[in-house]
Amino acid sequence: MTILSALVVFALLLAASFVLPNYRLFQLSTVLMSAVAILGLNIIVGYTGQLSIGHGAFYAVGAYATAILLKDQLAAYWLCVIISGVLCFVLGFLFGFPILRLRGHYLALATFALGITVPQFFQYSGFDKFTGGFQGIVLDKPPVPAGLPFNEDQWLYVFCLCVAGVLFLAGWNLVRGHVGRAMIAVRDNPTAATAMGINTGLLKTTSFAVSAFYTGIAGAMSAIIVQFVSPDGYNLFLSVTLLVGVIVGGIASVSGAIFGSLFITFIPNFADSISKALPWAIYGLMIIAVMYAAPGGVAGLIDQIVRKGRRIKIKHAVEPPSQNVEEAK
Amino acid sequence: MPAGFETLLHQIASGMANGAIYAGLALALVIVYRATHHVNFVQGELAVFSTFIVWTLLQAQFPYWAALAISLVLSFVLAALIEAFILRSFANAPAFTVVSVLIGLLIVQNSLNGAVFGYLTKQVPSPFPDTFIVSTKFFSSHQLGSLLTILGVIVAVYLLLRFTKLGLAMRAVADNPVSSSLSGIPVGLILAASWGIAACVGAIAGVLTAPVVYLEPNMMMGVLVYAFAGALLGGIDNPWGAAVGGFLVGIGENLAGAYVVGTELKLGFAMTVIVGVLLLKPAGLFGRATIERV
Chain A
1 MTILSALVVF ALLLAASFVL PNYRLFQLST VLMSAVAILG LNIIVGYTGQ
51 LSIGHGAFYA VGAYATAILL KDQLAAYWLC VIISGVLCFV LGFLFGFPIL
101 RLRGHYLALA TFALGITVPQ FFQYSGFDKF TGGFQGIVLD KPPVPAGLPF
151 NEDQWLYVFC LCVAGVLFLA GWNLVRGHVG RAMIAVRDNP TAATAMGINT
201 GLLKTTSFAV SAFYTGIAGA MSAIIVQFVS PDGYNLFLSV TLLVGVIVGG
251 IASVSGAIFG SLFITFIPNF ADSISKALPW AIYGLMIIAV MYAAPGGVAG
301 LIDQIVRKGR RIKIKHAVEP PSQNVEEAK
Chain B
1 MPAGFETLLH QIASGMANGA IYAGLALALV IVYRATHHVN FVQGELAVFS
51 TFIVWTLLQA QFPYWAALAI SLVLSFVLAA LIEAFILRSF ANAPAFTVVS
101 VLIGLLIVQN SLNGAVFGYL TKQVPSPFPD TFIVSTKFFS SHQLGSLLTI
151 LGVIVAVYLL LRFTKLGLAM RAVADNPVSS SLSGIPVGLI LAASWGIAAC
201 VGAIAGVLTA PVVYLEPNMM MGVLVYAFAG ALLGGIDNPW GAAVGGFLVG
251 IGENLAGAYV VGTELKLGFA MTVIVGVLLL KPAGLFGRAT IERV
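Here the protein sequences come in this chain order: A and B. If you count the first sequence from 1, position 72 lands on 72 in this note's numbering, and the numbers rise without skipping. If you count the second sequence from 1, position 46 lands on 46 in this note's numbering, and the numbers rise without skipping.
To be clear, the hints were calculated from the coordinates, so they are not data collected in a lab. Since the structure is predicted, the reported quantities are computational estimates derived from the model, not experimental observations. One thing to keep in mind: the hints can contain errors.
[What the hints assert, rightly or not] Covered, in the sense of this in silico footprint (three residues per stretch, anywhere, with C-beta under 8 Å from a C-beta of chain A), are these stretches of chain B:
1) 62 to 73
2) 180 to 188
3) 196 to 202
[Said to hold, decoys possible] Pairwise CB distance ranges, derived in the manner of DEER restraints:
4) B:Y158 with A:K276: 49 to 59 Å
5) A:R310 with B:L182: 41 to 51 Å
6) A:K129 with B:D175: 54 to 64 Å
7) A:A15 with B:Y214: 45 to 55 Å
8) A:Q135 with B:P94: 12 to 22 Å
9) B:A93 with A:K129: 42 to 52 Å
For every residue, glycine included, the Cβ atom is placed at its ideal position computed from N, Cα and C.
Given these sequences and hints, build the entire structure.
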């Protein structure tokens, strides 16, 4: 059922590449990549239960790594994306290890500092030669492979769709397999998880690294989509935006990443036109409101509705005979 | 005195002045941490709010100390209300939820500050006269004033916690909320008051920051990171440790900026302290290591 609906969605999105205008394809590509970043953040936040407020840093590292490699044509664009992801995985592991061996919410604190500090490194004048300083780096669109019936924008979108498809499939397999169950166990009861033989520190660190890998790839892809990186784009606001996506979409839900991504892509467009302060305010209020009223986010609400629907169906299946009995009396 | 040594002393002195501000905000963080066991991500934004109030009143020709007094009262009330009405409803929620809510509050407060007071940078005068009581070679008047003010605040908080009934109740609630409640302490009021007092301490750090950098909604973001580093270094459950940590971070940051990484990457120093402390001595220099019974 789930696999079938996922396949249908994938096929529809693929078909969209022939129908939609380039601007819509660009928007959809952005939504897909935000969804990948949110899924990544959800792995550490939702499944392993460790709050990260600095994932924008990995997004930035991924974007800059790809931009720097592409600028001097050091590698093919798809290879750049993979290199960025692996780089973020390694950095995430090294950063996470000292913090995640500890219990408690030190990760939130440390990643808050990370999210504020990393953008400064990309502004640092000593690295201007690589990062382009405040000007940033401008990129070209990736070439269309020979023999495919796409223009550049369509191909970029299809590429995004394939990357997102692979990462969503991998993520879905990860969280419902034994690693995913171990992550949930660490989140819900670290003591019991340790007693069952899970190395909690290592597991938390690895899921942080995997999460950084996803976010790094999303960052790299976003640099290719937007064809531009600059230090302004990767401030604390980005990190909080991703967190809002996780919380609104649904904590510990794979499909929630897509709802979250739609929310963070389209709400600011709308809110920005009213007031500069409004997107932030809406994000903040949404976090508080979702935490208060619907901790499962959009995915949780949909799940509830579906279950309720099923329960009603079952009720109907059982009830008619009892009515007959009453009538018989 | 050789010139190099004198520069070093200068760097240490201005580091202490910055450190005073970090110590103030770190102290505020610890007061909240001890009361509710959460790192208060909103602390910096509340301080910005207080500073904006002072600025607004100064624009309306209020005398400085009256403006500060009104701002402290308003900050106390706002923080106490946030604790009582928003965070209280998450009292039994998992830590994860509470931290998320605090992040939400952080950005709401930040955007409110921006929406109400504007995003243009504003100049806030220093409360201290240009020629201070003693003019020194190493401190500017504002730096010396900040240092003395924060030391005064630390002493005041010490006296409050040690010698007043409110302080005793605050320590009792931090130690064991259930027993405190059973012995008749109004725990809810004390928690709200702790938030309020922390907001006042943070407000003082805020008004001391504003003359150094310009006042704008994101003024305290960086300072908050340094305060985190200071609080962790000193021990996040120990007010005096956190204050000392704040000073150490201030001095270290200035020395690192002057001699090692350059001014542009100073925040990297705070980052290094945070990761270093968590790696080597998670309880901090003066904190109590928590041992959990399994």
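Now for the hints, and whether the structure bears them out:
1. 62 to 73: violated (count 0)
2. 180 to 188: violated (count 0)
3. 196 to 202: violated (count 0)
4. B:Y158 with A:K276: 49 to 59 Å: 42 Å, violated
5. A:R310 with B:L182: 41 to 51 Å: 46 Å, holds
6. A:K129 with B:D175: 54 to 64 Å: Between K129 (chain A) and D175 (chain B), where Cβ atoms are some 56 Å apart, the hint holds.
7. A:A15 with B:Y214: 45 to 55 Å: 53 Å, holds
8. A:Q135 with B:P94: 12 to 22 Å: 44 Å Cβ-Cβ, so the 12 to 22 Å window is violated.
9. B:A93 with A:K129: 42 to 52 Å: Once the Cβ atoms are compared, 48 Å apart, the range 42 to 52 Å for K129 (chain A) and A93 (chain B) holds.
This entry does not satisfy hints 1, 2, 3, 4, 8, going by the numbered hints stated previously.
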